[in-house]
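K.L.:
Listed here are the chains, written in short residue letters.
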Amino acid sequence: MPEYDIGEIEKLIDGELAWPRVQEIMKGAKDVDRFEKWVKILQGRVSWPEPILLPLTPSLFIVQKENNERVVKCKCGQEFGDYRVNWKLSASIYVRESEEDFKEIYRGSEQPDPAWTQLREYSCPGCGTQLEVEAVPRGTPPDFDFLPDLDTFYKEWLGRPLPDEQEFTDKTLETVGKWS
Amino acid sequence: MTTETAPPTEKSMPIKDLLATNDELFAKTGYLFGLKDLKHKQEDPGGYEAVWQILLNICNTGWDVGCRVSSSAIAVEGGDALWALHLPTGEAVAVSRGITAHPGLLSHFVRQLIEEGYEDNPGINPGDIFENNDPHYGGIHPVDFDTAVPIIYEGELVAWASGVTHVMDSGYILPGSIGFMNPDSFADGMPVTMEKIGENDQLHPWYAMRVKSRTRVPDSVMGDARGRLAGCLTIRNKVIEAIDKYGLEYFKDVMKEYVEDGRRYAVTRVKNQAIPGRLRKSNFKDLAMKGKRVIMPNQDVDILFNLPLEMNIDKDAHVDFSLSGASGWVPFGQNITPPAVKSALLNAYSHMVGFDMTNWGPAAAWTLEDPPEGSWANPYPVNYYASAGVAWAPAVMWMSSLYEAFGRAYFMRGYIEEVAAGAATTLTAEFSGIGQYGTYVAGLSLEQASNGAPARGMADGENSAWCIYTPNADFGNAEVTELWYPIVYLGRNVQPDSGGYGTFRGGLGHTAVWMVKNTPGIEYQCGCAGMRSKVLANHGMYGAYPGWPDRGSYAHDTNLKELIEKQQPLVHERGDPEDPIMANILTAKVLETNIITPFITPELLQEYDVIMHPISGAQALGDPLERDPAEVALDLTKGWTRERIASDVHGVVASYDEAAKEYKADEAATEKKRDDMRQARKDRSVPFKEWWAQEREKVQAKENMDPAVLDMWRSSMELSPGYGAELRAFWKLPEDFTF
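Here the protein sequences line up with chains A and B, keeping their order. Residues in the first sequence are numbered consecutively from 173, following this note's numbering. Residues in the second sequence are numbered consecutively from 17, following this note's numbering.
Treat the hints with care, since some could be wrong.
In the PhoX-like style, the derived pairs of lysine-lysine whose C-alpha atoms are separated by at most 25 Å in a straight line are [claimed, not checked]:
{"#": "1", "chain 1": "A", "residue 1": "K275", "chain 2": "B", "residue 2": "K689"}
{"#": "2", "chain 1": "A", "residue 1": "K343", "chain 2": "B", "residue 2": "K705"}
{"#": "3", "chain 1": "A", "residue 1": "K209", "chain 2": "B", "residue 2": "K331"}
{"#": "4", "chain 1": "A", "residue 1": "K209", "chain 2": "B", "residue 2": "K287"}
{"#": "5", "chain 1": "A", "residue 1": "K247", "chain 2": "B", "residue 2": "K689"}
{"#": "6", "chain 1": "A", "residue 1": "K275", "chain 2": "B", "residue 2": "K714"}
{"#": "7", "chain 1": "B", "residue 1": "K331", "chain 2": "A", "residue 2": "K350"}
{"#": "8", "chain 1": "A", "residue 1": "K247", "chain 2": "B", "residue 2": "K705"}
{"#": "9", "chain 1": "A", "residue 1": "K247", "chain 2": "B", "residue 2": "K698"}
{"#": "10", "chain 1": "A", "residue 1": "K327", "chain 2": "B", "residue 2": "K689"}
{"#": "11", "chain 1": "A", "residue 1": "K202", "chain 2": "B", "residue 2": "K705"}
{"#": "12", "chain 1": "B", "residue 1": "K748", "chain 2": "B", "residue 2": "K705"}
{"#": "13", "chain 1": "B", "residue 1": "K748", "chain 2": "A", "residue 2": "K202"}
{"#": "14", "chain 1": "B", "residue 1": "K331", "chain 2": "A", "residue 2": "K275"}
Just so you have them, the derived chain B footprint on chain A, three or more residues with Cβ under 8 Å [claimed, not checked]:
{"#": "15", "stretch": "202-216"}
{"#": "16", "stretch": "225-236"}
{"#": "17", "stretch": "243-254"}
{"#": "18", "stretch": "261-270"}
{"#": "19", "stretch": "300-311"}
{"#": "20", "stretch": "320-329"}
No wet-lab data here; the hints were simulated from the structure. Glycine included, each C-beta is placed from N, C-alpha and C at the ideal position.
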């Protein structure tokens, strides 16, 4: 199994590695310690202290709080709550659903039909980074893009269990149920 | 004296019983054929690898021979076909290059021959040729003809060789091979239903007779039939040589090891690169046909498909797929059967999971939950005559979500180079009528076989170098395409901004501009093999904007001849979406620049008519305000993005340097502009909960929801009650609420 220097992985992440080398990495067997290096690199790029358990997106991370709670946190420090609740429920949202709204992005023959689709832009209330965009018809619940089975991942796949095992369950509807 | 009966051996056991034994062994042990150990791989890895490469080469030789013998542009110019080698029970062992969805379909076909008792009736003998194109018996869509020949060695059925090509016309109700307009299976053309179509390596004469009387371009269709057969016979003969060399027992054992190895490979890739858990991805596709030229009254309708994906990766890295929530069957050729969905998944796996061991093995590494009965993905329990004319259409768009889902899993694990943001669409172009040689022509251009590639986790996708339905993206040579159809290329240009807007953009698509020439009249089908025209892809991965919808253009009865004679500017590209070039340059009796696709021209196109056919780029990744300003400037210089997008979407302040002949970004001004745009985002957005409270009222009131959207929700919720209950719970709708 290949093993890559962490500096080379960092260059790969930043798009600074020469394409022929990237192709070599793509074609070869995967380096089994990538996750550890990946998390180490990303941890070094955020200003907050909580350990990253899982990078969810380029901006969002599941982190472990001091009390072993696992929450979703933005690179800027904004927190989005329990990782088992779709983080979009704690995001800011802007929705385009008229011809005029769409025009900033899509014009003329490039524009979708507003009666068929709405464009939902989820952003971080802290830093304004656009985190996800959904193009869906009215009525679509937001996609819970990924609910990780964190304890299985750490215990069974990485061989280092996390403290305070938590139930692998989607708590989104439970949260919405409390809304009025 | 007692008579002892020897236990049945693999050789003496009917293949049908062997199939059941294999299924039991897998269920009991978790290993295909019960192979806990890969004996030959362990004992002689060099020999194991060498024979694997030999089998791959045999299949690729079959592909090479088969494509050369074939007649259709799709096989000859595009290589859009596949040949495979199978176990006696059907599992594909090694496959050629080509369309990697088909090993599953071909495996299913052979298995069906066994399950249906063909060993006894009509018998499986040396030199037999079997074929199927019927979706009711495992085919995907009837223009894909699956052919198989048994490989019999010393009287024992030891393997099968198979091949598939997409013919140019199989007698659908309308000319051509895409068949999105087929209202029901009676319109799906010439059936070959699990038939023995030849013996002694020769096609039966009645097969050719049927092709002649039931397809529009029989010479081409028969050419493809001979191509498939030639490829199969090539494989068969070379496999027999390999058995002579390596021995039958070794061959039989090692074939099974390769399949089990393929399963392990797929499981290992998932376990090494992904994360266990649940991935969900909504996606939708439209088929807006109201008011257009259709065949049956019930086709005068606008349709929105619900294509939901749920993917669960368990602790053993087994993957479960669900289509819960899929909307209902449609009165068009856009329904697919569960076996075909499962087979089609091999295509996505070949792109996203396993590249080295593409065979039947990976199909044993996942489970597809039965799609909702009566949905587009499982129509027969409700409508046995639903058409599968272009069953690929919803399937490939559903698989696009699978690209993104695996991409997300790989990103989390750190394998950023394996991320793919979501696929391009497949908008086809077909021509039918009298061609430049005075003979009838019907067939598909290859333009759609080279889309942009999806954005990666750390780079843009490549332009015009990728295709969702085949890893061998190839749109053929323009000059050769002009030999097939009565058209002349006026343009084949990279389409700026066609890959979405993100930190990394999708690879760009292109626009083909054709002038109709040398024909008394030809029909143009701007077809749907998986496109969107009313809606956008739900692929705003990590904050990117999805690429725009597919819209068509054409001009009929034009002044193009006059423009050519006067040597004035012609039409080579699309231009501004609000001010298209075609409308500025041409005058014409019919001039359409923004048609909701798919459509068929209502009039026959004639000399000097113009068609502008768009081929989409793929999807982008990341916040567009985080795209490197230098990359935006470079795209401006290349003409791959437009000033408005650079400024309003990417927030880049750039100017053209006349001396250097390039755009340059002003980094400080860009930073300031981007800060302002982020602040504007914050100012105009609201907390999700606040939006949810207002939105649920609008959902309940069905405000600004097209009837097609309401129809879709009604069928999705009815066919998948659990999905419906979750939707109602999310919006806190009454338990009896329906759209």
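K.L.:
Checking against the hints above, which ones are violated?
P.N.:
7, 10, 11, 13, 14, 17
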